[in-house]
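So the sequences go chain by chain: G and S.
Numbering-wise, our numbering puts 313 at position 313 of the first sequence, and it's gapless, one number per residue.
Numbering-wise, our numbering puts 60 at position 60 of the second sequence, and it's gapless, one number per residue.
Quick caveat, the hints were computed from the structure, so don't treat them as lab data.
It is possible that part of the hints are untrue.
Taking lysine to any residue and the SDA-like style, the derived pairs with C-alpha atoms no more than 25 Å apart in a straight line are [said to hold, decoys possible]:
| hint | chain 1 | residue 1 | chain 2 | residue 2 |
| --- | --- | --- | --- | --- |
| 1 | S | K13 | G | K333 |
| 2 | G | K105 | S | K51 |
| 3 | S | K13 | G | N67 |
| 4 | G | K119 | S | W53 |
| 5 | G | K326 | S | H37 |
| 6 | G | K105 | G | D15 |
| 7 | G | K118 | S | E68 |
| 8 | S | K51 | G | E164 |
| 9 | G | K102 | S | W53 |
| 10 | S | K13 | G | R339 |
| 11 | G | K326 | G | T301 |
| 12 | G | K326 | S | N35 |
| 13 | S | K13 | G | Q106 |
| 14 | G | K105 | S | E32 |
| 15 | G | K333 | S | I62 |
| 16 | S | K13 | G | G52 |
| 17 | S | K51 | G | Q364 |
| 18 | G | K299 | G | F32 |
| 19 | S | K13 | G | D97 |
| 20 | S | K51 | G | R269 |
| 21 | S | K13 | S | D65 |
| 22 | G | K118 | G | T301 |
| 23 | G | K326 | G | S304 |
| 24 | G | K326 | S | D65 |
Being a predicted model, the structure only gives us computed values, none of them experimental.
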Amino acid sequence: MSDVSQPAAHPPVTDWVNDFDHTDPQWTEDPFSIWEELRSASPVVHTKRFLGCYMPTTYEAVREIANDTEHFSSRRIIVRDVRPEVARNAAPPITSDPPVHKPAKQLLLPPFTPDAMKKLEPRMRAICNELIDGFIVDGKVDAAARYAKYIPVQAIAHMLGIPESDSDLFINWIHMILELGIKDESKLLQAVQEMSAYFTTHIEERRTRPTDDLISYLMNARDKEGQPLEESHVLGSLRLLLIAGIDTTWSAIGSSLWHLARTPADRERLVAEPALIPNAVEELLRAYSPVTMAREVVKETTISGCPVKPGNMVLLSFPAANRDPKMFPDADKVVIDRRENRHAAFGLGIHRCVGSNLARMEMQVALEEWLKRIPDFALDPAGTVTWSQGTVRGPRQLPFLFEKAM
Amino acid sequence: MTERLRVHVDPDKCQGHARCKALAPELFELDEYGNAHEAGDGIVPPGLEDKAWLAKSNCPEIAIDVIEE
Chain G
1 MSDVSQPAAH PPVTDWVNDF DHTDPQWTED PFSIWEELRS ASPVVHTKRF LGCYMPTTYE
61 AVREIANDTE HFSSRRIIVR DVRPEVARNA APPITSDPPV HKPAKQLLLP PFTPDAMKKL
121 EPRMRAICNE LIDGFIVDGK VDAAARYAKY IPVQAIAHML GIPESDSDLF INWIHMILEL
181 GIKDESKLLQ AVQEMSAYFT THIEERRTRP TDDLISYLMN ARDKEGQPLE ESHVLGSLRL
241 LLIAGIDTTW SAIGSSLWHL ARTPADRERL VAEPALIPNA VEELLRAYSP VTMAREVVKE
301 TTISGCPVKP GNMVLLSFPA ANRDPKMFPD ADKVVIDRRE NRHAAFGLGI HRCVGSNLAR
361 MEMQVALEEW LKRIPDFALD PAGTVTWSQG TVRGPRQLPF LFEKAM
Chain S
1 MTERLRVHVD PDKCQGHARC KALAPELFEL DEYGNAHEAG DGIVPPGLED KAWLAKSNCP
61 EIAIDVIEE
């Protein structure tokens, strides 16, 4: 199908240090060697692309920026070609700065504590096994499209109280916002409008028939003055939960399975020692962190000695920070029994991912159930592994072969 | 005479990653928001010293102190 508003393609990168581009195919395919090159050049690099953007390349520089809400605003959290006016209540609390950030965040935290996630765990195990039932007799599967993807989709649909059968709708919106939206504003706006209309319908239904889910929870929430949230705040937070809850964990589960398919020693060890899976999950989160965030410089400052000026965005790459050898010995190796691991996969500072406990539970359950039933698997040499571009990195096609179940 | 350890979570630094609770559930508790604080007076019972150090060295916010008393 032709698209009249095709965005301009970016010229290929020839000078990574002075002209980096996280949407370049080379970055999508193998960002690790690029990060190494950038890190050895400077703790902060800059590109004129995206109307001007810095990237901290060390763990320390990433930590400094994440903890500095005075000079770095979260009002824009995706590095894109355009910078349209900031919408109020875009996606609180991830797009909020102090002082409005804290109450918006505190509102979302109680439903996502580790104890709350424990209650969801049996449902997640059942979902994983239903998905495996669907392909285990085939001896082959695209594990990204038929396994990793549907685990977070079904979890967040369950928590929000929306039909799991709408999964493909959600996945399309997320693709439009996080990938196509970097270069094509119209796609992003269309997805935001469609999501808002979708949630408005669900909110209306709950006015007459309240439910026991996150939509009703947000509708019934009250601020310190006892007032309900503005409808735009409720819609913004619902959009956030749907967007942030799916692509991210889909990517993390996919990358973990990709690593295990290529690393028989780690796979066999986790099959033999399933108690090590939670520790391995932390290491896989470090080595293959899916999420890169952004900030906007609002006041001049210096980061790790480098001057940083307003008017620029910041590509806040937690994945690159997690590969910094100054912070992590053998940073480029996956060490599934690593004992010290202060990885920043879920961010640092006040914007720590609200769904981190959910993501960890989903990853543990997804790997445990998979390894119980498919302990031996490998990449299908006849297939191709493809990776998503931009803000969230993970496999989108992950063809595996394994022994057919009897 | 062995030293006694005590753990302490700095509530201004903790962001609720909950790594300490996962690694040393005996030594930490979470509040309704999922933010951590030390269990009781923070004194580490004999045998749990390794878990105290492990929790400290896995806190992304460097919010945990292990005090040797």
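Structure-based check of each hint:
For the hint linking K13/S to K333/G, the alpha-carbon distance of about 29 Å lies beyond 25 Å, and the restraint is violated. Under the criterion of a C-alpha separation no larger than 25 Å, the hint pairing K105/G with K51/S is inconsistent with the structure, at around 30 Å. Restraint check: the Cα-Cα separation between K13/S and N67/G comes to about 10 Å, which is no more than 25 Å; the hinted pair holds. At most 25 Å may separate the alpha-carbon atoms for a hinted pair to count; K119/G and W53/S exceed this at roughly 29 Å.
Taking the CA atoms of K326/G and H37/S, the gap is about 29 Å. The hint is violated against a cut of 25 Å. A distance of roughly 40 Å separates the Cα atoms of K105/G and D15/G; the hinted pair therefore is violated under the 25 Å criterion. Between K118/G and E68/S, the direct Cα distance comes to roughly 34 Å. Violation of the 25 Å bound is thereby established for this hinted pair. For the hint pairing K51/S with E164/G, the CA-to-CA distance comes to about 40 Å; that exceeds 25 Å, so the pair is violated.
As the CA atoms of K102/G and W53/S are separated by approximately 30 Å, the hinted pair breaks the 25 Å bound. The straight-line distance between the Cα atoms of K13/S and R339/G is roughly 22 Å, inside the 25 Å bound, and the hint therefore holds. Between the alpha carbons of K326/G and T301/G the distance comes to roughly 24 Å, so the proposed pair stays at or under 25 Å and holds. Pair hint K326/G plus N35/S does not hold up; C-alpha atoms about 28 Å apart against a cutoff of 25 Å.
Annotation: proposed proximity of K13/S to Q106/G holds, straight-line Cα distance about 15 Å (limit 25 Å). For the hint pairing K105/G with E32/S, the CA-to-CA distance comes to about 13 Å; that is within 25 Å, so the pair holds. For the suggested pair K333/G and I62/S, the alpha carbons sit about 24 Å apart, so the restraint of at most 25 Å is met. Using a Cα cut-off of 25 Å, the hinted pair K13/S and G52/G is violated, with the two alpha carbons roughly 32 Å apart.
Pair hint K51/S plus Q364/G holds up; C-alpha atoms about 21 Å apart against a cutoff of 25 Å. Between K299/G and F32/G the CA atoms are separated by roughly 30 Å; this puts the pair beyond 25 Å, and the hint is violated. Among the hinted pairs, K13/S with D97/G is consistent with the structure: their alpha-carbon atoms are about 17 Å apart, no more than 25 Å. Between K51/S and R269/G the alpha-carbon distance is near 23 Å, which keeps this suggested pair within the 25 Å criterion.
With a CA separation close to 11 Å, the supplied pair K13/S and D65/S stays within the 25 Å bound. For the hint pairing K118/G with T301/G, the CA-to-CA distance comes to about 43 Å; that exceeds 25 Å, so the pair is violated. Only pairs whose Cα atoms come within 25 Å are accepted, and K326/G paired with S304/G is accepted, the gap being roughly 14 Å. Of the pairs offered as hints, the one joining K326/G and D65/S holds, with about 22 Å between alpha carbons and a cut-off of 25 Å not exceeded.
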